[in-house]
Amino acid sequence: MLAKANRITSADDYRVVVRKGVKVARAHTVSYVRSRESGAAPRFGFIVSKKVGTAVQRNLVRRRLKAICLEAIVDGGVHGVDVVVRALPGSADAEWPVLRAEVLAALDRQMRGAVNA
RNA sequence: UGGGUCGGCAAGACGGUCGCGUCGUCCGAGUGAUCGGAUGCCGAGGAACGUCCGGGCUCCGCAGGGCAGGACGGUGGGUAACGCCCACCCGGGGUAACCCGCGAGACAGUGCCACAGAAAGCAGACCGCCGUAGGCUCGCCUGCGGUAAGGGUGAAACGGUGGGGUAAGAGCCCACCAGCGGCCGCGGUGACGCGGUCGGCUCGGCAAACCUCGUCCGGAGCAAGGUCAGACAGGAAGCUAUGGGGCGGCCCGUCCCGCUUCCGGGUGGACCGCUGGAGGGUCACGGUGACGUGACUCCGAGAGAGAUGGCCGUCCAGCCGGUGUCGCGAAAGCGCCCGGUCAACAGAACCCGGCGUAUCAGCCGGCCCGCUCG
RNA sequence: GGAGACGUCGCAUAGUCCGGUCGAGUGCACCACCCUGCUAAGGUGGAGUCCCCGUAAGGGGACCGCGGGUUCAAAUCCCGCCGUCUCCG
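If you read the first sequence in this note's numbering, its first letter stands for residue 1, the second for the next number, and so on.
Be a bit skeptical, because a hint or two may be false.
[Said to hold, decoys possible] Label-pair distances were calculated between CB atoms; the ranges are:
{"hint": "1", "residue 1": "Ala25", "residue 2": "Ile73", "range": "21 to 27 Å"}
{"hint": "2", "residue 1": "Arg19", "residue 2": "Ala55", "range": "16 to 22 Å"}
{"hint": "3", "residue 1": "Asn59", "residue 2": "Ala101", "range": "17 to 23 Å"}
{"hint": "4", "residue 1": "Arg19", "residue 2": "Val56", "range": "28 to 34 Å"}
{"hint": "5", "residue 1": "Val30", "residue 2": "Glu95", "range": "14 to 20 Å"}
{"hint": "6", "residue 1": "Gly80", "residue 2": "Val56", "range": "32 to 38 Å"}
{"hint": "7", "residue 1": "Trp96", "residue 2": "Arg19", "range": "17 to 23 Å"}
{"hint": "8", "residue 1": "Lys51", "residue 2": "Gly80", "range": "27 to 33 Å"}
{"hint": "9", "residue 1": "Val16", "residue 2": "Ser49", "range": "25 to 31 Å"}
{"hint": "10", "residue 1": "Asn59", "residue 2": "Lys23", "range": "24 to 30 Å"}
{"hint": "11", "residue 1": "Val30", "residue 2": "Gln57", "range": "15 to 21 Å"}
{"hint": "12", "residue 1": "Ala67", "residue 2": "Ala25", "range": "18 to 24 Å"}
{"hint": "13", "residue 1": "Lys51", "residue 2": "Ile73", "range": "24 to 30 Å"}
{"hint": "14", "residue 1": "Ala55", "residue 2": "Gly80", "range": "30 to 36 Å"}
[Stated by the list, open to error] When the alpha-carbon atoms are kept at most 27 Å apart in a straight line, the in silico BS3-like pairs for lysine-lysine are as follows:
{"hint": "15", "residue 1": "Lys20", "residue 2": "Lys66"}
{"hint": "16", "residue 1": "Lys66", "residue 2": "Lys50"}
{"hint": "17", "residue 1": "Lys66", "residue 2": "Lys23"}
{"hint": "18", "residue 1": "Lys20", "residue 2": "Lys51"}
{"hint": "19", "residue 1": "Lys23", "residue 2": "Lys51"}
{"hint": "20", "residue 1": "Lys50", "residue 2": "Lys20"}
{"hint": "21", "residue 1": "Lys66", "residue 2": "Lys51"}
In short, the hints are calculated from the structure, not lab data.
Note that the Cβ used here is the ideal one computed from N, Cα and C, for glycine as well.
Model the full assembly from the supplied sequences, consistent with the hints where possible.
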């Protein structure tokens with residue numbers, strides 16, 4: 001799971017990342033990334049709307065996304081970015097490896113895109 | 001033993017490990033709010049759900065009057081309250097245990113009852129039946145009168161059966177039965193039940209149609225509401241004191257005040273409310289029961305973009321599979337052993353009481369009916 | 001947290017207020033035929049779905065989101081659910 005330092009908690013931060021970040025859409029998720037000063041702790045936020053499903057299903061999706069992001073920090077060395085992952089309707093039915101591959105690939109591409117930009 | 005019916009229990013346990021959240025303690029950074037790290041305790045439900053009812057709590061000055069509107073509807077009780085629960089009554093279903101019922105009022109009024117049928121609610125009469133007058137081609141026809149037994153329609157046709165009676169018939173009369181109403185007696189707190197007696201013989205159904213009667217209901221909701229801290233800048237136009245607002249459909253009453261629109265500017269923090277309550281458990285007593293009273297005892301989520309999960313091991317119970325030269329048995333099967341599985345519905349956001357709905361695999365008990373054995 | 005609206009044949013809708021004529025109408029789509037050299041358009045007719053019986057022709061029953069109830073009778077009235085959508089803060 002993610003520590004509090006790696007979380008986006010204010011509505012303003014969400015708004016900035018979603019509006020000004022680089023956007024990558026996949027089958028079950030839409031990810032936004034915005035670079036901060038390099039070396040800073042990466043921060044993640046999640047948007048899971050009620051269209052995804054019931055409270056239990058939304059909780060499951062959110063926990064899976066948090067686990068994926070933790071893996072990206074520990075193994076992938078992601079740093080210096082703010083990321084918001086929006087779960088689309090249908091993500092509750094996605095298998096764990098599918099969801100994981102999708103988010104990690106999107107993160108990888110977003111990192112390069114953000115650095116190049 | 002098969003089937004049924006009613007009620008209850010439970011929502012795996014223990015240990016390890018990796019993580020998440022609140023709080024406490026310690027360490028570090030910072031003037032400080034706070035942040036980081038370590039560590040310890042604790043951390044979702046029986047439905048937390050749907051939001052269908054009822055309350056607590058808070059504010060609307062008081063929670064006031066009337067109209068409108070809404071809810072409820074056998075009787076008696078339980079409760080803070082209820083549309084909930086308990087007991088009983090009545091009606092209906094079932095062989096039974098038991099289940100179902102928005103179960104007041106249809107002589108206060110209005111309205112509706114399709115099709116069929118002569119006629120659908122007030123009585124009337126199509127085919128008939130009977131009497132009588134007339135006609136006649138002597139099968140019958142027409143007029144007037146009396147009938148409602150028979151026919152057919154319908155969900156429903158103004159009591160049923162039998163007898164007397166009659167021109168034919170009819171509660172016209174009689175007996176029994178059904179139903180309605182009055183009175184009396186007995187039982188019950190009561191709804192009501194049982195018995196007796198008398199009466200006219202007898203005038204459907206629908207209020208989950210409008211409605212009438214009785215009882216109850218002021219409005220909003222913890223983003224209620226309050227405390228502290230902090231910020232700023234006003235301007236223009238229009239409308240009015242029989243005006244506007246608190247006030248929610250309206251009126252009264254009452255309190256407060258200039259109001260509306262547009263342009264521009266500021267804030268968008270913290271804390272309280274916030275969880276110990278109509279609370280749970282055990283025992284005793286009262287009560288048929290819902291429930292109440294008393295004693296003892298137990299309470300350890302409280303977030304604020306929102307925390308409970310993953311993995312491993314052992315085990316309880318069940319289920320599935322295997323068959324072992326293990327036990328019982330004639331066999332089916334049961335026990336023991338081995339392997340596998342180990343679950344459903346679903347996530348607190350102010351808090352309670354109900355109702356409704358979802359729920360894998362299970363367990364326990366009462367009662368009823370059938371079969372079999374003793 | 002609060003407040004609504006709508007579910008009818010493959011699709012879109014009428015009927016619901018005020019029960020019976022509903023064996024559920026209309027349009028599109030579908031099938032057959034006519035018209036045309038062919039197609040479109042137009043015209044005529046047919047046909048909803050599921051279950052049961054029957055070799056077949058045909059016959060019977062059920063279905064207006066689901067389950068109950070009221071009524072002689074329910075798509076329509078009442079109660080409880082399910083689903084979809086919308087609005088307010």
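Here is what the structure says about each hint:
1. Ala25 - Ile73: 21 to 27 Å: holds, 23 Å
2. Arg19 - Ala55: 16 to 22 Å: violated, 28 Å
3. Asn59 - Ala101: 17 to 23 Å: holds, 22 Å
4. Arg19 - Val56: 28 to 34 Å: For Arg19 and Val56 the Cβ distance comes to about 31 Å; the hint holds.
5. Val30 - Glu95: 14 to 20 Å: holds, 19 Å
6. Gly80 - Val56: 32 to 38 Å: holds, 35 Å
7. Trp96 - Arg19: 17 to 23 Å: violated, 30 Å
8. Lys51 - Gly80: 27 to 33 Å: With Cβ atoms ~32 Å apart, the hint holds.
9. Val16 - Ser49: 25 to 31 Å: Violated, at about 20 Å.
10. Asn59 - Lys23: 24 to 30 Å: 25 Å Cβ-Cβ, so the 24 to 30 Å window holds.
11. Val30 - Gln57: 15 to 21 Å: holds, 18 Å
12. Ala67 - Ala25: 18 to 24 Å: Holds, at about 22 Å.
13. Lys51 - Ile73: 24 to 30 Å: The hint (24 to 30 Å, Cβ to Cβ) holds, given that Lys51 and Ile73 are roughly 28 Å apart.
14. Ala55 - Gly80: 30 to 36 Å: holds, 34 Å
15. Lys20 - Lys66: At roughly 22 Å apart (the allowed maximum being 27 Å), Lys66 and Lys20 satisfy the hint.
16. Lys66 - Lys50: holds, 18 Å
17. Lys66 - Lys23: holds, 19 Å
18. Lys20 - Lys51: Answer holds: Lys20 to Lys51 is near 25 Å, not above 27 Å.
19. Lys23 - Lys51: Holds, at roughly 21 Å.
20. Lys50 - Lys20: Roughly 24 Å separates the two Cα atoms, so the pair holds.
21. Lys66 - Lys51: holds, 19 Å
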